[in-house]
Amino acid sequence: MKPKIAPLFQSSGKEGCPSKEQMVLFLDETSEAPEKKAFLNHTALCESCRREWQTINYFTGAGASLPMYEPDPAIRDRVLKVASSAGNSEPLPTNKKTRYYLRSPGWRLTWAALFLAISWVGISQFHTTEVTSIPIEQLDSEMLTLEQDLEELQFELGMDVSGYFTLTDERA
Amino acid sequence: METKQPESHGILFVRFRDEGDMAAMEAIMNHYYRPLFTYLMRMLKSREDAEDSLQEVWLKVIHQRKTYKDQGQFSSWLYRIAHNYCLDLYRKRNRRPFLAQETECEDGTGLLDLLPSAEQTPFEIAVDNENMIRLEELVDQLPEPIREVYLLRSVHEIPFKEIAEIQECPIGTVLSRMHQAVKRLQQGMTASQPAHESA
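Chains as they are written, first to last, in the working numbering: chain A, 1 to 172; chain B, 1001 to 1199.
It cannot be assumed that every hint is accurate.
To be verified - Here are the simulated BS3-like pairs of lysine-lysine, each with C-alpha atoms no more than 27 Å apart in a straight line:
hint : chain 1 : residue 1 : chain 2 : residue 2
1    : B       : Lys1161   : B       : Lys1060
2    : B       : Lys1069   : B       : Lys1161
3    : B       : Lys1161   : B       : Lys1066
4    : A       : Lys81     : B       : Lys1066
5    : B       : Lys1069   : A       : Lys81
6    : B       : Lys1092   : B       : Lys1060
7    : A       : Lys36     : B       : Lys1161
8    : B       : Lys1092   : B       : Lys1045
9    : B       : Lys1161   : A       : Lys37
10   : A       : Lys81     : B       : Lys1060
11   : B       : Lys1060   : B       : Lys1045
The set of hints was computed from the structure by calculation and includes no laboratory data.
Excised from the complex, chain B in its bound form:
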């Protein structure tokens, strides 16, 4: 799967930063408004917190606009701000921080029965509402750092190298977290299959 990073958003943001171009800022907000909120909803699991955070993250984007480097991917910069904001919120609420031990690999062998059949594309399966609801529940149950990697890569299409920058960890850790996410989701989906299907 090839990732597409809209370079134009970086250019648009530079236009807002340097020239105060509001049309550019509006275009950026139109593009990232819902995805960023979805990310915050899935990270914070509370609409109220997510809406407060959404506003705060965008205000940080505006106030810290001069720290944005022209060469950088705008999406990575944006999600790094959002990631740091979530971390601060966790710390303030004495919630469990991102734990390294949660990222250790688990053996996921023998759980490949859920694989789609050859004629069924991932998209066709994705539109299955029941599977989607279950998948959403399972994503919400993933430990924070694993969930974040999964969301950033799968939903927001941020490359792993940039996720490593966002999470400030080696890329190997990010790849391991993604693999764990896949395995945990696979386990969860397999466990939720009716007996007659898995038999």
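With the rest of the complex left out, here is chain A:
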């Protein structure tokens, strides 16, 4: 005769036996949990529950032995790089007062004005240099001047620098 443990379980139809779902839930419980303890005692006498419990345990345990897959290690490196930059670019604020100070509407206008001023100064520094074009009729004299400059340079340095500079007339 099966022991009476019905108050602990929802019956699966058989007297005193837990439902299949309840048995599955026992996987998460320690052996010391009263309900599981009672159930384990029950399986000693109930062949049906014992076999069901063994099946559940076997296939749950077998899953843990399935092989693991090995991903590309480059993904790990890429993720850690992002994690590193995310950690640096968004440090959590520790001072709420400072945060408000930076975000208050008055200061936003100040930051905007400062940004515009810096931008204007920056832009004014970058003048595009006009490329001086040499009229074709002056090209011969320009080549001559460059050749003279090169000779003077060689003389001053006392070495042959023709390997570093090549003067070519591409009109040919």
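Given the coordinates of chain A, work out where chain B should sit on it, guided by the hints.
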């Protein structure tokens, strides 16, 4: 079987979240890198998809780090992100979503012949390569929601309560899915046994 949830991973993640501690983040990645990839491989059944998803899931972990609650289990949070990412991928590809009718119970009576003998432990059986290959095939054939419950509980040791949170369904549904997984695997293993063994 008692589940062990490394609480320290939650603490490590909080250290990364709050202090930008990269050593903590590396430790977390070292622990979950392969298991998460294995989960994605078994859910998506494609190395290319799994590798893309692995990167995306980790990036989501980084970008959504402030949504992690200190009290929560880190593994559940991580796998919830992975689960949602897989769902999005299924939707984008017009693949069949998780169907409720697939989780309805089937009668699995009379299929207990595969049970290990008393002197053989589950581990001893698990190291049997032939059984493992067959089991792996059967796991891959499980319907998505059932497969996910089985993988999360058996491979990743996530408690059922947390699997219910990941799948956003009642715990009863999760328990039913796990039981179905066990029954389907048992059926598959029994069917694949040679006649002389089952006789």
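Check the structure against each numbered hint from earlier and tell me which ones fail, lowest number first. none
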